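Student: So the protein lines, in turn, are chains L and X.
Adding 1079 to a residue's 1-based position in the first sequence gives its number in the numbering used here.
Adding 616 to a residue's 1-based position in the second sequence gives its number in the numbering used here.
It should be emphasised that the hints constitute simulated quantities derived from the structure, not laboratory data.
These figures come from a predicted structure and were not determined experimentally.
Each residue gets a CB set at the ideal place from its N, CA and C atoms; glycine is no exception.
Treat the hints with care, as some may be off.
Covered stretches of chain L (in silico footprint by chain X; criterion: 3 or more residues with CB under 8 Å from a CB of chain X, positions within the stretch not fixed) [as the list claims (entries may be wrong)]:
id	stretch
1	1140–1146
2	1150–1156
3	1177–1185
Now the in silico label distances, taken between C-beta atoms and shown as ranges [to be verified]:
id	chain 1	residue 1	chain 2	residue 2	range
4	X	783	L	1102	24 to 34 Å
5	L	1170	X	682	18 to 28 Å
6	X	692	L	1148	49 to 59 Å
7	X	742	L	1100	19 to 29 Å
8	X	782	L	1148	40 to 50 Å
9	L	1153	X	705	54 to 64 Å
10	X	809	L	1153	30 to 40 Å
11	X	849	L	1100	41 to 51 Å
12	X	783	L	1187	36 to 46 Å
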Amino acid sequence: MKILIVDDFSTMRRIIRNLLRDLGYNNTHEADDGNSALPVLKSGDFDFLVTDWNMPGMSGIELLRAVRAEPALSALPVLMVTAEQKREQIVEAAGAGVNGYIVKPFTAATLQEKIEKIFERVGAPA
Amino acid sequence: MGESAAIVELASDGQCLEHARALVAALEEGDGARALESIDALTTLRETALYRELGQLTRELHDLLNAFYDDPKFSALAVHEIPTTRERLLHVIALTQDAADRTLTAVEGCAPLAKDVSERAERLGERWQRFCERKLTVEEFRQLSGDVSKYLAHTAAAAESLHAGLSDVVVAQEYQDLTGQIIKRVVTLVDDVEQRLVAFVTMAARHVNPGDEPVMERGATSRAKPGSELVSGQDEVDDLLSSLGF
């Protein structure tokens, strides 16, 4: 499974990369904000997007909306991993079509659970 | 308004009562001229009180501003402390970033080692099990024997590396001491600025709304607007999402 990790903090991208590798997902790529992530998503066949909310340039919610608006990407499973805990933001993400929402700090177990849940609903790719 | 303190003063001023009585007497006698005189006198008293109040406010403000300008700490704040604080906080970011990088590097080095040891043990374990069940041929046993020796040597070396990696992780935590000290200094500066601002606000409020001094809570955070409350923890996030049908 080809995964794109988007977060402006390199440490967080690294942590997520490590956790995904521990879960057996080795094919990961990274971007540090929405603006650089979108063209990467359009050009490569990614199966999963993990993104933060607060990023300079294009934020996570804007990236989510852009992905959903793009015909080739609209069905891409998206997991938000963010420090944002405001109710209205969670509701907004749900409304914009996010598939999962994890608040930081989080555990490896939570990440695994949410990924499995997403692919249960969506149907895991090969 | 600044008047109310002045009015309180007026009410207890003997002159005020005198003139008021004179006014009433003049009105009762129908003496318009004397009545106007009394009204003028009362008005003058009121204005005098107001001017006194205004004068006091101006003086206090002037003194406070002078105290700020003359206080070497205040100009030090503006010119030196605050820019330095910005540098200090940026430095904290750099230190924590470095510590995280070093820790993750050590972990990324150790994880494959641990995995390898575990996988080898598992493979050996299968054959060892067959040995215990007396299912190995002599040749297979010889092979197993050699592999066990190799495994023991390999594991000893891996343990060394893991130990070294863990030490690296421990050492990387040293950042906390440094960042803690830096942040404490920043907190001291923030306290200082807060006190001065409170002095300003309190003084201003005393004259704008006497008797209604604002209560400055230490560390007060803005009250959350309804609808923007925070959830606390992943469980609440999950509950909220499932209530929306996710």
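Student: Given the range 54 to 64 Å, decide if the beta-carbon distance of residue 1153 of chain L to residue 705 of chain X lies inside it.
Tutor: violated (41 Å)
Student: Look at the Cβ atoms of residue 809 of chain X and residue 1153 of chain L and judge whether their distance stays inside 30 to 40 Å.
Tutor: violated (50 Å)
Student: Using C-beta distances, would you say chain X covers the stretch 1140–1146 of chain L, given that this needs three or more residues below 8 Å?
Tutor: Our answer is that it is violated, as 0 residues pass the Cβ test (under 8 Å) against chain X, missing three.
Student: Has the stretch 1177–1185 of chain L got at least three residues whose CB is nearer than 8 Å to a CB belonging to chain X?
Tutor: holds (count 4)
Student: Quick one: see if chain X covers the stretch 1150–1156 of chain L, three-plus residues with Cβ-Cβ under 8 Å.
Tutor: With 0 residues closer than 8 Å to chain X, the stretch 1150–1156 of chain L misses the three-residue bar; violated.
Student: Taking the Cβ atom of residue 783 of chain X and the Cβ atom of residue 1102 of chain L, is their distance within the range 24 to 34 Å?
Tutor: holds (27 Å)
Student: In this structure, is the beta-carbon distance linking residue 742 of chain X and residue 1100 of chain L contained in 19 to 29 Å?
Tutor: About 26 Å separates the Cβ atoms of residue 742 of chain X and residue 1100 of chain L, which means 19 to 29 Å holds.
Student: Residue 783 of chain X and residue 1187 of chain L, beta-carbon distance inside 36 to 46 Å?
Tutor: With a Cβ separation near 23 Å, residue 783 of chain X and residue 1187 of chain L fall outside 36 to 46 Å, so the hint is violated.
Student: Could you say whether the range 41 to 51 Å given as a hint is met by the Cβ separation of residue 849 of chain X and residue 1100 of chain L?
Tutor: violated (26 Å)
Student: If I claimed the Cβ atoms of residue 782 of chain X and residue 1148 of chain L lie 40 to 50 Å apart, would that claim hold in this structure?
Tutor: For residue 1148 of chain L against residue 782 of chain X, whose Cβ atoms are near 47 Å apart, the range 40 to 50 Å holds.
Student: Falls inside 49 to 59 Å, the C-beta gap from residue 692 of chain X to residue 1148 of chain L?
Tutor: holds (53 Å)
Student: Kindly confirm whether 18 to 28 Å is satisfied by the beta carbon distance between residue 1170 of chain L and residue 682 of chain X.
Tutor: For residue 682 of chain X against residue 1170 of chain L, whose Cβ atoms are near 53 Å apart, the range 18 to 28 Å is violated.
Violated hints, in rising order: 1, 2, 5, 9, 10, 11, 12; the structure is consistent with all others.
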